[in-house]
Amino acid sequence: MMSSIHPTVRLANGTRINGLWHNRQYHIKQLLGEGARGSTYLVEASGKKMALKISRDPSVVTAEANILKKLQRAQSVSLGPSLIDVDDGYLPNRMKQSFYVMEYVQGKPMTSLVGKLSLVDLGRLMSRLLSELHQLHSMGYIFGDLKLDNMIFDDGLKRIRLVDVGGVTQVGRGIREYTSIYDRGFWRLGGRKADPTYDLFALAICLMHAERPLKFDSNGQQQMLWRFLSSSRRITPFQQVIKQALLGKYRDALHMKRDLDLALQQLSLSRPVQGRTTKTNTQRISERDLITLSGMVAFNGLMIYILL
Amino acid sequence: MNKGSVSQILLITDGCSNQGEDPVAVSRHIVSTGVSVNVIGVLDDDQTEEPIGLREVNEIAEAGKGVSRIVYADDLSETMQMVTQQAMTQTIQGYVNQELKSILGDETNEEALPPETRGEVQEVMEDLSETVDLNMVILVDTSASMQTKMSAVKEALDDLMISLDARQGQFMYTVYQFPTRKQVVKLLLDWTDDGKRIAKVFPKFAVGGITPTGAALREAAKAFHISEQDDVMRGAAYDVIDPSYRSSS
Ligand SMILES: Nc1ncnc2c1ncn2[C@@H]1O[C@H](COP(=O)(O)OP(=O)(O)OP(=O)(O)O)[C@@H](O)[C@H]1O
Ligand SMILES: [Mg+2]
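From first to last, the protein sequence lines stand for chains A and B. Heads up, the first sequence is in my numbering, so the first residue is 1 and it goes up one at a time. Heads up, the second sequence is in my numbering, so the first residue is 1 and it goes up one at a time.
Worth flagging that the hints you see were computed from the coordinates, not collected in a lab. Watch out, some of these pointers could steer you wrong.
[Stated by the list, open to error] Pairs of lysine-lysine, DSSO-like flavour, derived with a Cα cap of 27 Å: (1) K101/B to K96/A; (2) K215/A to K154/B; (3) K158/A to K96/A; (4) K249/A to K101/B; (5) K108/A to K49/A; (6) K196/B to K243/A.
With the rest of the complex left out, here is chain B:
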């Protein structure tokens, strides 16, 4: 039985390498392939205002039909878990609302239903978000300004793995860093379902020059189409949740 899958990019940045290619436009393109783009902006402890570079964080996620948050490094753990979860729920909600429209007519969405029926729809959505497979590209900004925040990023990703390992659905992820000296992005960890491996990639992070976030996003999104996972990923790109799920459950 194919339960369907959800594909996400999780970008972690402090906004200091936002130059060149427009990341918002890239994000809009990525979402058209069935992948949502989520962004977490990390603030310095002494930053009381959002720096200019971080303004784009919300726009990138909005264009990428994803979720965004701007937080201090200390709050990263809770935030990553929440962003990932909410993004998944959002994708599933979008799908379920579409299904409802096709059954009940154009103007119908979940909120137009009486509370009792809504309760049943909610259960279907909870089942889906617990059981769908999740494929995630993690893209970490390792520009010099991120250096002081890296240990918090490591902790938070480690913690995220605990949550994603607990789900019933399968979970696969891959890790990229940007910028690097020679390439736009660098693969640090190829597709794996082993949450423990993320801790081991961190010592490899090296800080480099300036590369546009937009170009990095575009490169990292290709991960959904390369690797031995090719068929699965392509399937995910065109059909975010397999409609056969409900008929076979």
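This is chain A alone, in the form it adopts within the complex:
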């Protein structure tokens, strides 16, 4: 790794890359996305569509391929894409670069679906995702960089798949890849030591996006989160679940799933009856609750500190 490199690799459509160790050829079709750790392309090999991730930083390729291998070995359902190949190849500019090839997840990005899906459909997808996260957590890993940008609604399997495993972290270790608004450390609502509640916090932020995209100023003011939640309209039925997850109250993914399922049940029960006011646990959080809330300091011993 060098000090000031940009990890993305630009490749023209139609470029062919030959693997030096395993002798497979990949045909670049289209850029899928690029970010802080490299570029991902749609490629074709032996008539099949696949996704290829390439980075100027070879340790990114090695690290992510390692994680995909581990996930594959231990999981019954595939949460992430399956790993196909890891190799080096010469680019048209004669530079040698590392890359890995994985299953291409065909579907729609959750960033655009989150505002369009009905609350019931969104809730069901997230409930399913929670079971799968629980599996990952039971293996001793958390996803880390859990966010809508890394979720694809798989058209074939009709469920959410997670891409970009760069943030997957062993429980008990420090999280290095995260995105500010999904990160409890940024909001000063907890630390960055990996534990299941870290993912649940991020999942709650994903649910909040169903209201509208979260905007924030440079430093996370947690009152902003509580205000957003209390003034929300669309996600009102999930308010309690979201709040508990933000506060780190759910011991594991299954506990959060249980509450989300309950909220879903009530939602489908109350739906046919128009205009009825239900004062159950789905009612809005009052302003007074919020003041007490932001004053709460002692929970779970997980928190580092709160800035008020």
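Position chain B with the ligands against the provided structure of chain A, taking the given hints into account.
Coordinates of chain B with the ligands only, in the frame set by chain A:
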């Protein structure tokens, strides 16, 4: 078991006090004692080009075998975390590559290995960078031009502590400011492992005259050799990562 340690300086500056002693030469000297020098250059919101003073930021870090970034104040939090982490990885990579050479012959580095073996080497490196102890001198430029950026610097350092507290390895840090009226640098917080204490040193920052960055770096680097941590730090200076780590794990 001694897991070894990594020593870093993190310099935060807007380049407006770069005068006098050549900071690049100082940085080159510091790295010879086993300490890497990382630099973050902070831009004003309305600056669209890198000012002349900031050009040295990259050179200082390069000479100091460290990492550098030039960013707007708003992006400081993410950057500090990344720079610190990358610098640590870089040090460990350097060490591991050296080990590989001694095992596999002169021309070997990690990239010459087949992808499968590389995966195993990567795991060793990840283990190391999670568990080594980290000792960091934070040196903050508090010249008058930095005043408007101070709250962003505070936020970012606060945030950095959250990341470093989460690691398994021990973490110690100390904070210096420059310039000050009477001294080249001023100690604001002595070696500590308590991340929360950084928030409390900020009100103490006072803006002063012009002092060379080079001299400030030289003075701050002495922190690795004074204090009760003396033995540990000296050890770190001559042997960045203790080779006994792997044999005892
Ligand atoms: N296996 C895949 N199948 C389909 N699309 C994918 C796949 N992997 C990645 N993508 C798409 O490419 C985008 C970028 O890929 P990826 O997240 O790996 O890049 P990145 O460099 O890690 O970006 P960032 O650092 O911003 O997260 C993803 O957001 C996703 O839309
Ligand atoms: Mg991504």
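Can you give the numbers of the hints that this structure goes against, from lowest to highest? 3 and 4
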